[in-house]
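A.B. asks: Sequence:
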Amino acid sequence: MSALLHPPQDAELAPQRGRGRPRDTDARTRILQASLEVLEEAGYPNVTCDAIAERAGASKSTIYRWWPHKEAVMLEALRESIAQELPFPDTGNLREDMRLQLRNFVKLLTGPRAGVFKGFIAAAQSDPQVAEAFRSIWVKPRRDYALSGMERYQHLLRDGVDLQLVMDAMYAPLYYRLLIGLAPLTPEYTDALTDLIWSGIGGS
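Residue numbers 747 to 950, in the working numbering, belong to the letters of the sequence shown in order.
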């Protein structure tokens with residue numbers, strides 16, 4: 747509540763006539779970048795708003811002006827970074843788009859950020875605040891983005907294909923392997939998964 751009632755203490759963020767918005771935009775960018783850096787260096791359980799604020803050169807009140815809690819900051823930073831690194835493919839061929847998207851996602855899940863995802867998902871099982879942030883900031887925007895990419899090809903698919911169900915079939919097995927560790931996430935696995943899904947949705 748105090749973060750909403752009192753102005754930020756950062757000198758560079760104090761409201762200035764005609765210049766507040768550019769400075770706010772710059773501060774927001776710095777905070778998102780700082781949260782991603784701290785997250786990757788320290789791991790999800792060890793991240794604090796103090797650490798993010800210090801790295802960004804901003805105050806905690808500035809952070810709480812835009813985000814309700816640290817999980818929201820970290821998830822938005824992660825989402826924005828990945829959106830730039832892994833846009834949904836647009837090759838003109840849905841089967842190839844799906845294959846590339848799953849391969850790219852596996853690179854993410856097996857790279858340095860794999861522990862980050864596990865940390866968020868694990869925390870979401872016992873913390874409703876984290877669960878809601880994970881769904882609203884990470885899952886839904888990424889899902890909507892993928893859906894818009896797939897809708898371009900709706901006319902080429904079998905009648906009655908539910909694209910929401912298709913996305914469940916695409917991503918759920920990857921999260922399952924990430925969390926359970928029953929078998930590795932490999933490009934070969936994603937290619938086989940793509941073929942399996944395509945056999946059920948591809949037009950004649």
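Rather than coming from a laboratory, the hints here were simulated on the basis of the structure.
Warning: the hint list may mix true and false statements.
[As the list claims (entries may be wrong)] Keeping only pairs whose Cα atoms sit at most 20 angstroms apart, straight-line, the calculated EDC-like set for lysine to aspartate or glutamate is:
id : residue 1 : residue 2
1  : Lys886    : Glu826
2  : Lys853    : Glu786
3  : Lys853    : Glu800
[Said to hold, decoys possible] Simulated DEER-style distance windows between Cβ atoms:
id : residue 1 : residue 2 : range
4  : Lys853    : Asp941    : 29 to 37 angstroms
5  : Asp914    : Leu832    : 16 to 24 angstroms
6  : Gln871    : Asp914    : 27 to 35 angstroms
7  : Asp796    : Leu902    : 50 to 58 angstroms
8  : Asp796    : Gly946    : 47 to 55 angstroms
9  : Asp890    : Gly838    : 28 to 36 angstroms
10 : Asp772    : Leu893    : 30 to 38 angstroms
11 : Glu831    : Tyr921    : 30 to 38 angstroms
Just so it is clear, CB atoms sit at the ideal spot from N, CA and C, and this is done for glycine as well.
A.B. asks: Quick one: which hint numbers does this structure break? Sort them smallest to largest.
C.D. replies: 3, 4, 6, 9 and 11
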